[in-house]
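K.L.:
Each chain, written out:
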Amino acid sequence: MSSAVPAAQPARALRSPVTANRPRRGGRPVRRTPLVLLTPLLLLVTLLFIWPVAQMMVQSFTDPVRGLDNYRRFFASDAMMHSVVTTLGLTLLGTALCALIGYVYAYTVVHSRPSIARLLIVLTVVPAVMNLLVRAFSLEVLLQDTGLVNRLLQTVGLIGAPITLIRTPFAIVFGMVTIALPLMILPLYSSMRSINPELVVAAQSLGATPGVAFRKVFFPLSLNGLFSGSLIVFITGLGYYIVPQLLGNNASDRFVSQHVAFYIADGQWGFGAAIGVVLLVITVAVLLVASRLIRVGDAVRTSMGAGS
Amino acid sequence: MYTRKGRSAGALIAALSLTALTACGSSSSTSSKPSSISMVNSGGEFGKCIADTLWSPFTKATGIEVKPSGLLNDGQIQASVKSKNYGADVVYPSPALAADKTGASYLEPIDFSKIDKSELVPGSFTKYAVSQDLYSWVLGYRTDKFDGKTPQSWADFFDTTMFPGKRALPGDVDPFAVVLGALMGDGVKPDDIVPIDVDRAIKRLDTIKPDIIWYQNGTQGQQLLESGEVTMGMEFNNRVDAIKAAGGPVETQWNQQLLVGDLIAVPKGNPNKAAAMDLIASITSAEVNSKQLKCAALAPSNTKASVDAKNAKLLPTSHLDGEYLVETSPEIQNYLTDHKDEITSAFNDWRSK
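For the protein sequence lines, the chains are A and B, in the order given.
Numbering follows this note's numbering, with no gaps: position 226 of the first sequence is 238.
Numbering follows this note's numbering, with no gaps: position 77 of the second sequence is 136.
Please keep in mind that the hints were generated in silico from the structure rather than gathered at the bench.
A hint or two may mislead.
Now the in silico label distances, taken between C-beta atoms and shown as ranges [unchecked claim]:
1) Asp258(B) / Thr58(A): 56 to 62 Å
2) Val298(A) / Glu382(B): 49 to 55 Å
3) Gly381(B) / Val138(A): 52 to 58 Å
4) Val161(A) / Leu379(B): 55 to 61 Å
5) Gly106(B) / Val138(A): 33 to 39 Å
6) Ala173(A) / Ala163(B): 53 to 59 Å
7) Lys208(B) / Ser264(A): 50 to 56 Å
8) Val138(A) / Lys92(B): 32 to 38 Å
9) Asp111(B) / Pro46(A): 43 to 49 Å
10) Val298(A) / Leu379(B): 38 to 44 Å
11) Gly381(B) / Thr58(A): 36 to 42 Å
12) Gly106(B) / Thr167(A): 39 to 45 Å
13) Lys303(B) / Val298(A): 24 to 30 Å
14) Ile128(A) / Asp218(B): 42 to 48 Å
Bear in mind the structure is a predicted one, so any value in this text is a computation, not a measurement.
Glycine residues also receive a C-beta, built at the ideal position from the N, C-alpha and C atoms.
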């Protein structure tokens with residue numbers, strides 16, 4: 013057990029406030045600089061994000077006619093209600109699986125020798141930077157009736173006829189887990205790394221079994237990472253388009269964003285916008301609920317600070 | 060130091076604005092005859108071939124260059140008209156957009172003084188768009204799965220006892236084709252298809268619901284039939300030919316095919332309207348229109364265009380001896396204008412169950 017690991021957290025916690033407030037030459041406080049530096053970004057965000065989103069919201073009430081027609085149509089549609097339930101349900105399932113697998117993985121990384129840990133982290137990051145479309149396509153090839161998985165199972169003799177993997181809710185969840193897993197692992201790893209391993213040792217020396225020490229000491233301390241990871245996976249999962257489009261059956265398991273894309277391509281901008289607004293409202297609602305559990309700012313910071 | 064910098068910056072601005080002014084001047088003086096116009100092009104080998112065969116005669120005759128532009132869906136065409144920021148001068152609208160009511164808001168009326176209507180395939184044009192070519196939705200089937208039996212019509216498509224196996228349908232590519240095919244499969248004659256009875260179509264589709272695989276694009280539809288994952292599919296006619304050409308055991312049932320025109324049109328208010336209409340006239344002329352056969356088995360929309368015997372049997376327009384429907388016909392499209400939402404909603408609601 014290296015002593016460098018437990019030392020890292022207090023050192024970092026100390027360092028940042030000090031640097032931020034320290035006056036620089038000329039006695040000018042550095043505090044104002046971030047604001048100035050942020051201006052181009054804020055302008056960009058306003059121009060490219062806030063403005064279009066506002067326009068979309070307006071359009072959902074005005075196109076083709078002024079009023080609530082688009083929303084009435086949305087809430088009267090079986091397909092839309094079904095889609096909202098599907099999106100929430102499958103994303104929740106995917107997030108839970110990500111949390112389970114990600115937790116075990118991150119735990120292993122933190123408790124491995126540094127060289128192995130580094131390798132395991134690289135193995136997480138490399139697929140994360142690969143093109144999403146490429147990854148979804150490769151999953152499609154893997155899962156289809158004549159794909160690698162079915163061929164392998166048939167060759168081994170486990171199955172006779174190919175089993176249907178693709179175009180099922182299973183395929184969507186599988187795709188989501190493979191693609192979103194890094195988003196879960198990195199914050200978990202980051203929060204687990206900041207847990208002083210001597211706390212667990214101390215608990216055990218006071219008579220706790222390894223199981224109890226994990227449950228009462230390690231796990232509660234890692235919850236921050238678990239919540240952050242889950243929040244990010246869940247929020248991004250709600251907006252999935254490519255994964256259900258390529259791996260789902262495009263009938264009973266359509267995600268909300270697939271309907272948005274369909275109606276916008278069809279020229280029904282107002283209705284497409286209304287669906288988009290509903291998705292946005294759901295996302296914001298999830299964030300608001302989550303903000304009661306954790307500080308959302310922390311969630312972002314933990315996931316960004318991973319490995320630093 | 061600072062003053063010098065300021066002055067040179069001022070000079071730069073002056074120079075730039077002068078250039079901008081001249082640029083404006085020159086462009087406005089040539090607006091009657093632009094040096095180039097643009098048309099949507101799918102790119103790749105096929106896109107280049109279309110440019111070489113259908114666009115170059117126009118450029119040769121007028122000196123106006125035709126530049127390829129990216130694909131625009133109906134939503135984007137509508138947005139470009141509203142914002143007066145035209146992505147392309149000639150676009151491919153969906154049949155629904157080219158129908159009378161919506162066409163009036165988003166497309167320029169076709170200048171039929173430049174195009175001889177009588178030469179065009181009947182039903183292949185509207186007031187606002189003409190067909191560059193025609194393709195069709197056909198019943199493509201495997202010849203190795205039914206013990207030598209041949210599906211004769213959409214009714215057989217729905218008969219999974221006699222013709223077992225899964226079915227590929229273009230649910231997102233063309234939901235209306237699916238609805239129309241289902242109605243013919245339920246015994247509706249082409250002449251009685253309007254008014255479209257969507258509930259009847261859904262009832263028919265529901266009988267094979269577990270066997271349907273919905274596909275997203277032509278390539279996917281082709282793969283499903285080629286790999287044998289489905290034994291029948293509603294396919295683009297050229298996709299079945301492509302599998303056949305590669306040696307695949309598939310065949311086309313031309314009976315009850317659904318012909319679709321690849322409509323071309325000019326977005327409303329486009330400043331290059333006159334030149335764009337000339338391009339459309341050139342593309343659909345008897346001399347030029349069949350040249351696209353070099354690129355793919357696309358049926359010319361101009362009946363006077365010459366087609367050699369080898370290509371003729373591949374073209375939907377050579378198989379009009381059985382029943383057929385023109386999906387892009389004004390009769391169907393004008394009906395769809397008023398009932399599109401109701402049909403898509405019913406279809407999507409059923410599909411999501």
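K.L.:
Confirm or reject each hint.
P.N.:
Right, here's what the structure says about each hint:
1. Asp258(B) / Thr58(A): 56 to 62 Å: 48 Å, violated
2. Val298(A) / Glu382(B): 49 to 55 Å: Roughly 53 Å apart at Cβ, these two residues keep to the hinted range, so it holds.
3. Gly381(B) / Val138(A): 52 to 58 Å: 56 Å, holds
4. Val161(A) / Leu379(B): 55 to 61 Å: Distance hint for Val161(A), Leu379(B) is violated at roughly 46 Å.
5. Gly106(B) / Val138(A): 33 to 39 Å: 35 Å, holds
6. Ala173(A) / Ala163(B): 53 to 59 Å: 54 Å, holds
7. Lys208(B) / Ser264(A): 50 to 56 Å: Roughly 31 Å apart at Cβ, these two residues miss the hinted range, so it is violated.
8. Val138(A) / Lys92(B): 32 to 38 Å: 55 Å, violated
9. Asp111(B) / Pro46(A): 43 to 49 Å: 56 Å, violated
10. Val298(A) / Leu379(B): 38 to 44 Å: 56 Å, violated
11. Gly381(B) / Thr58(A): 36 to 42 Å: The hint (36 to 42 Å, Cβ to Cβ) is violated, given that Gly381(B) and Thr58(A) are roughly 60 Å apart.
12. Gly106(B) / Thr167(A): 39 to 45 Å: 41 Å, holds
13. Lys303(B) / Val298(A): 24 to 30 Å: Given about 51 Å between the Cβ atoms, the range is violated.
14. Ile128(A) / Asp218(B): 42 to 48 Å: 60 Å, violated
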